[in-house]
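Given the structure of chain D, go ahead and fit chain V onto it with the hints provided.
As given, the protein sequences belong to chains D and V, one line each in that order.
Letter 212 of the first sequence, counting from 1, is numbered 212 in my numbering, and no numbers are missing.
Letter 334 of the second sequence, counting from 1, is numbered 1334 in my numbering, and no numbers are missing.
Check the hints yourself; a few may be wrong.
To be verified - The calculated SDA-like cross-link candidates involving lysine to any residue, where the alpha carbons are at most 25 Å apart (straight line), are: (1) Lys1167/V / Thr1177/V; (2) Lys1299/V / Gly1263/V; (3) Lys35/D / Arg1095/V; (4) Lys1319/V / Ile137/D; (5) Lys35/D / Pro1327/V; (6) Lys1269/V / Gly1250/V; (7) Lys123/D / Met1323/V; (8) Lys35/D / Gly1331/V; (9) Lys35/D / Lys1060/V; (10) Lys1076/V / Arg1095/V; (11) Lys1244/V / Ala42/D; (12) Lys123/D / Lys1299/V; (13) Lys1288/V / Trp1342/V; (14) Lys1060/V / Ile1140/V; (15) Lys1319/V / Ser10/D; (16) Lys123/D / Leu1339/V.
If you are wondering where the hints come from, they were derived from the structure by calculation, not from laboratory data.
Since we're looking at a predicted model, the values are computed, not measured.
So you can see what is in the structure, the chains are spelled out below.
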Amino acid sequence: MSNAYVVRFSLSQRVEHFVTMVVFTLLCLTGLPQKFFDTGWAAGLVSFFGGIDSTRWIHRVCGIVLALSTVVHFANGIHTMLSKKVGFTMVPTRKDFEDAILQLRYYLGMTDKHPQYDRYDYKQKFEYWGLVAGNIIMVATGFILFFPTETAAFLPGQVIPAAKMAHSNEGLMAFLVITIWHIFNAHLNPDVFPFDGSMFTGKISRERMQHEHPLELARIEGRPVGDGHGGTGPGHGSERDVG
Amino acid sequence: MMRSSVPLLLVLLAAPAWAGIPADDEEGDCLGCHSDPDQSVDLPSGERLPLYVDREVFAKSVHGEALRCTECHSDKTGDHATGEVPFKTRRDVTRAYYEQCKGCHFANYTKTLDGVHFAVMAKGNEKAALCVDCHGAHDISRPGQPRTRISRMCSRCHSAEADVYGKSVHGRAAENTSDVPVCTDCHRAHDIADPRDGALAMRTPEICGRCHTDEKLMGRYGLSTNVVDSYLADFHGMSASFQKGLRREGGRRLAAVCTDCHGVHDIQKADDPNSSVMASNLQRTCQKCHPGASETFPKAWLSHYEPSAEKAPLVWMVKLFYMVFIPFMVGGLTLQIALHLWRVVVNR
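So that you can see chain D by itself, here it is in the shape it has in the complex (with noise of 0.2 Å):
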């Protein structure tokens, strides 16, 4: 084959994965000790903050980053598919069901067919859309407890602490899905251990790109795409083919 690499990621695309890293990373550190104040951790990173009020604002900040990449990122998202570049991949199909039954019959011994994914898998796609819906639960129950005389102006009082309420277990959700999931994905699944740099270098091998995306990849090559259930590719663990 002609090419080792596959460009996988636009710059734009990995500057906010970069943003988004570091924004969730710091939100994570600021805002989790508030919801588990009374332990020692909590006081020790507070305190390594400069205190809760400091520890507020850093917060904030990265809080209305967050915001605004999500904006930007629907924005970009919009521009690209009104310009019919490319249609938005990630819109959840009838295909990524039937991916994700397979997918969990595979995993159960039930079959050794494997599901051929495109773009992007099903378990991608849900990543995402949790990451979306998050994130407009965070940012606005975060707006309601940053401004909440303002909120309470034309909304019910009680909406405050159900704002409190869900901001922190919301918080706390996306701090577990994404230390457990991600991490998992991303690092210590044994296809791509120790880490999966694609996200950062933008580029994927041609090898991954058969294993992990091979209908893709197919688009990209100009071959028949088929239906994607063809169940002939490489299982979890199993020898590659190598392209």
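Chain V alone, transformed into the frame defined by chain D:
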């Protein structure tokens, strides 16, 4: 200057060899002069310093059987009446003798060095309370008997605060029960913190909590013991936990603590129309820190209630949702990871 100095001199002349006062009859010897109710000294300030000691009062005091005169008045010898009076004011006399207490009461004396009275005295305030100002001198009795005597003692200087306290829920009940706090229960006795910088206020969740989390005590009045936990679970309590020990300096704002909403000396029952936390007064109370707080703003605070279907349905539903959703989501993802790894192992 000496008024009844003639009999005194006669006594001195009768016993010219006295170097000290014999311990066996010291009291009698001192009272030989100091039992005259009219005996006094005019000080340069124009004040009159009474020299009379009531034998009966001293005998009934805590020290009546334990101490001799010279154990506190250690500089006094039999001929002290002839010397110059080294004091300009009555306050000078008090200040000269209060340090005598530390010989026996060293622990409490040391505590006063951390107290606000010592701090303002060090800055030159002569009125700052010394041991004898609160405890008395020849008439010292056990403190806190009755407990209301403590508040009365403080009120001699802090009358404005005492008046307000006397009308509060605690002050009104203090006459009839020892369940309620008197001044020293919150302010402490010897190492009294300066209440002006907010450091004492930041300790109120702990100070108020000492009584208000006591099941037995609160049970007598039908009061909830969940007030501290519910406070801590809220935004103010969480913030205050991180601000423990901070002072209100350099424009720093500290989170609202018990006293910011309930009042300090003027605390009333929550259903008292004068209470700052009475529903109809709450908006004004919130506005102290949240200018522009609307009529519905106080509902942001759940009044020490746990969110429930009745008290705060919206908050309760959000809580319930996440109680189900977080384990479902995290459990589901973890299960899928486990299955994934299992298949990897099977494939090998």
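Hint-by-hint comparison with the structure:
1. Between Lys1167/V and Thr1177/V the CA atoms are separated by roughly 15 Å; this keeps the pair inside 25 Å, and the hint holds.
2. Of the supplied pair hints, the one linking Lys1299/V and Gly1263/V holds, its CA atoms being roughly 19 Å apart against a limit of 25 Å.
3. Between Lys35/D and Arg1095/V the CA atoms are separated by roughly 52 Å; this puts the pair beyond 25 Å, and the hint is violated.
4. Restraint check: the Cα-Cα separation between Lys1319/V and Ile137/D comes to about 14 Å, which is no more than 25 Å; the hinted pair holds.
5. Our distance criterion of 25 Å between C-alpha atoms is met by Lys35/D and Pro1327/V, whose separation comes to about 18 Å.
6. Restraint check for Lys1269/V and Gly1250/V: the C-alpha separation of about 34 Å exceeds 25 Å, so the hint is violated.
7. About 23 Å separates the Cα atoms of Lys123/D and Met1323/V, which keeps this hinted pair within 25 Å; it holds.
8. Simply put, Lys35/D and Gly1331/V have alpha-carbon atoms about 21 Å apart, close enough for the 25 Å limit, and the pair holds.
9. The hinted pair formed by Lys35/D and Lys1060/V fails the criterion: a straight-line CA distance of about 58 Å is larger than 25 Å.
10. For the proposed pair Lys1076/V and Arg1095/V, the alpha carbon gap of about 16 Å is at most 25 Å, so the pair holds.
11. Only pairs whose Cα atoms come within 25 Å are accepted, and Lys1244/V paired with Ala42/D is accepted, the gap being roughly 14 Å.
12. Taking the CA atoms of Lys123/D and Lys1299/V, the gap is near 41 Å; set against the 25 Å cutoff, the hint is violated.
13. Under the criterion of a C-alpha separation no larger than 25 Å, the hint pairing Lys1288/V with Trp1342/V is inconsistent with the structure, at around 60 Å.
14. Taking the CA atoms of Lys1060/V and Ile1140/V, the gap is about 9 Å. The hint holds against a cut of 25 Å.
15. For the hint linking Lys1319/V to Ser10/D, the alpha-carbon distance of about 40 Å lies beyond 25 Å, and the restraint is violated.
16. At most 25 Å may separate the alpha-carbon atoms for a hinted pair to count; Lys123/D and Leu1339/V meet this at roughly 14 Å.
The structure does not agree with the numbered hints 3, 6, 9, 12, 13, 15 stated previously, though it agrees with the rest.
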